[in-house]
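Student: Single-letter residue listing:
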Amino acid sequence: MTSREVLRLADVSAGYSKAAAIHGIDMILHAGDTLAVVGANGAGKSTLLRAIMGQIPLMQGEILFDAAPLSHLETYRRARLGIGYAPEGRQLFPDMIVEETLELGASRETRLERRRRIERMLEIFPKLQPLRRTRCGLLSGGEQQMVAIGRALMGEPRLLVLDEPSTGLAPRVISELYTSLRSLLVSGLTVLVAEQNARAALRFARHAIIFEDGRIVARGLARDLAKDERIVEAYFGLSGEANPAAGRAGNLP
Amino acid sequence: MLTTFFTLLVLGLLWGGVYLLMAEGLNLIYGVMKVVNLAHGDFIVLGGLLAFSLFSNYAMTPLVAFPLVALLLFVIGLIVQRGMLERITAAGPEGELRTLLATFGLSYVVSNASFLLWGSQFQSIPFLQGSIQIGPIAVPEGLAASSLIAFGVALLVHAWLTATIMGKSVHATAQSGLGAASAGLNIRKIRALAFALGSAMAGGAGALVITLIPFQTSTGGDLTVQAFTLIALGGLGNYLGAWLAAELLGLTEVFTQYYFGSNAASAVIYVVFIGVLVFRPQGLLGKVGRV
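Residue numbers (this note's numbering), protein chains in the order written: chain A, 36 to 288; chain B, 10 to 300.
Think of the hints as simulated: they come from the structure by calculation, not from any bench. Be careful, since some hints might not be right.
Claimed, not checked - Residues from chain B that keep clear of chain A, each with C-beta distances beyond 10 Å, as calculated:
hint	residue
1	Leu18
2	Ser62
3	Thr70
4	Leu77
5	Arg96
6	Trp127
7	Phe136
8	Ser140
9	Ile143
10	Ile174
11	Leu187
12	Ala192
13	Asp231
14	Tyr267
Said to hold, decoys possible - Under 8 Å between C-beta atoms, here's a sample of chain B residues computed to sit facing chain A:
hint	residue
15	Ser178
16	His180
17	Gln184
18	Ser185
19	Gly188
20	Ala190
21	Ser191
22	Asn195
23	Ile196
24	Val285
No residue lacks a Cβ here, since even glycine has one placed at the ideal position from N, Cα and C.
Given these sequences and hints, build the entire structure.
Tutor: Set out below in structure tokens:
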């Protein structure tokens, strides 16, 4: 890997109470890379992403973005530095229309620039084109997710952080969503995506890490991990896509 | 007969403006930001009494005192939000209940501090006591000025909230703090600005309304209830709705008072309020189907 380092986590532990929810996490993300964080519900994937976004304090370790430590920066500062974040549960503004929601993702740009970026988002997510004046609360789950990702992209981030984008979506909508995301990669965007839906995430990402009980239990190329029998058994389940009851990998190293 | 009717109509509309003036700050703080501020009425009274002191000591007219008092209350609002409420909401779940209790306490602090400074007697500023003759109808100047300002403020805030990126940021922050922060919005600053602006509007309103209604340090509680009623009636956070609700209340009060006496008037307002909530629970211009 010769390209520039975008995100580095060094020995990061974090959590809500005294007990850490994620322990000693080391990971590096290079420019243009795509990394999937896969694991069962409660494995600590969201905690990891929240720590990266400054939603929870670190207990130990350091997070560097573009080689500079993020330390105690608030979430909005991290967003302004170039980390686009689509949080778990989408966190849209239900009473606001699609255009306005997108616009707020680039609130510090000029009106003209905001308009230009909104048009660009509507090209990336053409499904939103006819819905541009619809209130977000009235959109379907897939459309809401597109708005959430669009809002994160409006700041023209170098790193896109997605927390469970496929939750609650039908398989067809999930594949549509990931197709749109794939189209973004040409521009060299770096993507970190946490997913319970291992199948979709491993198909999308180049690299992957498997999370269990707040620790990384496996890492490597996504296509290799997707072939690993133990992982397939633990995270793909028998019922296929988006299995919330996906079991644990048990005796993984 | 017809003159009486039109006089009552005009008076009702003008009193509606006064009620609107006193509710506008809370409409931003509670209606938009969803922060329960039980000290709202006490802020109004504080603003009024400050204007009273400026008038009695420096002969400053309420129109000059209005921006000064508003500025002072802006600073007080900023301190309350940053020093108290932000810390409470940051403390996580049940934040709303804690805010409610905290501002309940604040209400006592403000009204008792006012009591120490101004005592318990009713105070008022004699200002714009004359009336403008429009045809056969005499329109009290003070009422007309307050209504005009109230309407102007409503239009301005409505435009600010719906047409500017800062106003939209306020809406967004209220609907999802995390969503707003991930969009790069400084939510602490936005919350502080909204609370301070709402407090400034309360203070400014007080400086004008004290020329129409005498204030006493304990008047605050009633004004708080009245303001909550009005913005719930209008549809939380909706400035045009609040204006409609205010006119409805003003008209109802003036007409009932004229035909049935003042006891009936105060009761009928709440009958109207309950009626609207039963048939249109989201308020006159409120939206349905929140997610």
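Student: Is it correct that the beta-carbon of isoleucine 174/B has no partner in chain A closer than or equal to 10 Å?
Tutor: Incorrect as stated: the minimum Cβ-Cβ distance to chain A is 5 Å, not above 10 Å.
Student: Over 10 Å to the closest beta carbon of chain A is the bar; see if tyrosine 267/B clears it.
Tutor: At roughly 40 Å from the nearest Cβ of chain A, tyrosine 267/B sits farther out than 10 Å, so the non-interface label holds.
Student: Classify the label on aspartate 231/B as holds or violated, using whether its beta-carbon is more than 10 Å from each beta-carbon of chain A.
Tutor: holds, 31 Å
Student: Does the claim that leucine 18/B lies off the interface hold, with its Cβ farther than 10 Å from every Cβ of chain A?
Tutor: Label holds. Min Cβ-Cβ 34 Å, cutoff 10 Å.
Student: Would the hint on histidine 180/B stand, with a C-beta cut-off of 8 Å toward chain A?
Tutor: holds, 6 Å
Student: Next item in the hint list is isoleucine 196/B. Is there a CB on chain A closer than 8 Å to its CB?
Tutor: holds, 7 Å
Student: Does glycine 188/B pass the interface hint, meaning its C-beta sits closer than 8 Å to a C-beta of chain A?
Tutor: At 3 Å from the nearest chain A Cβ, glycine 188/B passes the 8 Å test, so the hint holds.
Student: Closest CB-CB distance from serine 140/B to chain A, is it above 10 Å?
Tutor: Given a closest Cβ separation of 43 Å, the condition holds.
Student: Mind checking the CB of serine 178/B against every CB in chain A and telling me if the closest is under 8 Å?
Tutor: Nearest chain A Cβ about 6 Å off; hint holds.
Student: Leucine 77/B clear of chain A by more than 10 Å, beta carbon to beta carbon?
Tutor: holds, 32 Å
Student: Is the nearest CB of chain A more than 10 Å from the CB of serine 62/B?
Tutor: It holds; serine 62/B is separated from chain A by about 40 Å at its closest Cβ, greater than 10 Å.
Student: Would you check whether asparagine 195/B satisfies its interface hint, that is, whether its CB is within less than 8 Å of any CB in chain A?
Tutor: Holds - the Cβ of asparagine 195/B comes within 8 Å of chain A, reaching about 5 Å at its closest.
In terms of the numbered hints stated before, the structure departs from hints 10, 11, 12 and 24, listed from lowest to highest.
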